[in-house]
Amino acid sequence: MEYRDYYQIMGVARDATQDEIKRAYRKLARKYHPDVSKESDAEARFKEVGEAYEVLKDPEKRAAYDQLGRQWKNGQEFRPPPDWDAGFEFRGGGYTAGDAGAHSEFFEELFGRGFAGPRGRQERGTFRMRGEHHHAKVLIDLEDSFSGATRSISLRVPELTDDGHIITRDRTLSVRIPGGIRPGQQIRLAGQGGPGLGGAEPGDLYLEVEFRDHPLYRVDGADIYLDLPVTPWEAALGASIKVPTPAGSVDLKIPANSRQGSKLRLRGRGLPGRQPGDLYVVLQVTLPAADSDAARTLYKQMQDQLGYNPRAAMGVS
Amino acid sequence: MSETETSAPPVELIDEQTTFTLAELCRYCAVEAELIEVLVEQGILEPVGRHGSHWCFPASSLRRTRITLHLQRDLGVNLAGAALALDLLERIDELDARLRAISR
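Chains as they are written, first to last, in the working numbering: chain A, 1 to 317; chain B, 1001 to 1104.
The shape of chain A in the complex, shown without the other chains (with noise of 0.2 Å):
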């Protein structure tokens, strides 16, 4: 297993007080805290910076966690000592924040067992308690929308074993997901969540939706937005030109005087569901370079027989 540096963890020293450790905590779980932060690996550093803090708060912990020397580095292979604990004794120990199942191998080994062991034993055949209700974020493309899918989903579950021991088990699940779901949208599995206690009923697992990026298309809500390039005289006198759509390509007429940045909505053509979203054409229009000839004398005419000054309201000559 791999060694913790806790005091890196927290970016504190090793002769940190007990309050500057508290301070550090306090902010690393503001920052990396899942439902707040946007950073993409933020529920992984809140876990780890709570598996640190679990340790380092409690000073019979941090002392037998210190004993183990300085000489180690994160992510080391590392064997505990043999009576590595002996002498310290984990008043009101094992985990007090957040899900057990979170903490490393590492937390595990050394912290872990004292606590589950008694624990597990002493509740089973009289205590009954429903699963917990997980959750989790799956990412599907857009196209997945308009088909519905299937998709395998890996879990980290944490389990109780039958001798008072926490395990982590991969668990893999196909999730059908259902045509006309939208970023944001969750799905309920019922019974998927954690197994119950003493014969109680398992828990829900709740799945939360978001979209990759699309190369082509912006959802927003229901609807899909596509930027489409398109030369100044389609737009200036208009066109009937092929346009992708995620449900496949469609004739699109660009109305005579079209503009830079000009929105045409299909109606309809947006995510399906009981109120499909509409598409939203955004017009890009663009410039051919200037690097011919005749390219050159076109642009010249343009200059002198059209008179046109798009700076004309900004007071300037």
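None of these hints come from the bench; they were simulated from the model.
Remember, predicted model here, so these are calculated numbers, not experimental data.
Positions of the beta carbon are idealized from the N, C-alpha and C atoms, including for glycine.
Just so you know, not all the hints are guaranteed correct.
[Said to hold, decoys possible] Selected chain A positions facing chain B (in silico; Cβ < 10 Å):
#1 I177
#2 I187
#3 L205
#4 D213
#5 Y225
#6 N257
[Said to hold, decoys possible] Covered by chain A, according to a simulated footprint, are these stretches of chain B (three or more residues, beta-carbon under 8 Å):
#7 1009-1018
#8 1021-1032
#9 1035-1047
#10 1072-1085
#11 1093-1103
[Claimed, not checked] From chain B, some residues computed to sit far from chain A (all C-beta separations above 12 Å):
#12 R1050
#13 H1051
#14 G1052
#15 S1053
#16 H1054
#17 C1056
Got chain A sorted already, so can you dock chain B onto it with the hints?
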């Protein structure tokens, strides 16, 4: 240990049209009705209909309740603070969406 389940279990889509009764919300969030009532008093949840068993909670209530509980548990935030955080988080999501739209 690893296990793979090949058959897909039944799924239930929670979309904007989904609403919950008080009993459903309690069950789905694994909380007591008293807590939900407190969240309504704080304006964190906004059910429609008459108080109690006639209450009808919008789909977003699930997420708002969960985030409130997490902020309380993990950061020691009180309910007024959680209400503020939820509003600000929603605002950030809106702004993020707008930013994404213009920065492409």
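Structure-based check of all given hints:
1. I177: Hint on A:I177: holds, closest Cβ of chain B at ~8 Å, below 10 Å.
2. I187: holds (5 Å)
3. L205: holds (9 Å)
4. D213: OK, holds: A:D213 within 10 Å of chain B, min 9 Å.
5. Y225: holds (7 Å)
6. N257: Check failed: Cβ of A:N257 comes no nearer than 24 Å to chain B, outside 10 Å.
7. 1009-1018: With 9 residues close enough to chain A, the hint holds.
8. 1021-1032: Answer holds; 3 residues pass the 8 Å Cβ test.
9. 1035-1047: Our answer is that it is violated, as 0 residues pass the Cβ test (under 8 Å) against chain A, missing three.
10. 1072-1085: holds (count 4)
11. 1093-1103: Our answer is that it holds, as 4 residues pass the Cβ test (under 8 Å) against chain A, meeting three.
12. R1050: holds (26 Å)
13. H1051: holds (26 Å)
14. G1052: Consistent with the label, B:G1052 stays out of reach of chain A, its closest Cβ about 23 Å off (over 12 Å).
15. S1053: holds (22 Å)
16. H1054: The claim stands: B:H1054 keeps its Cβ more than 12 Å from every Cβ of chain A (closest is about 23 Å).
17. C1056: Given a closest Cβ separation of 18 Å, the condition holds.
Hint violations for this structure: numbers 6 and 9, all remaining hints satisfied.
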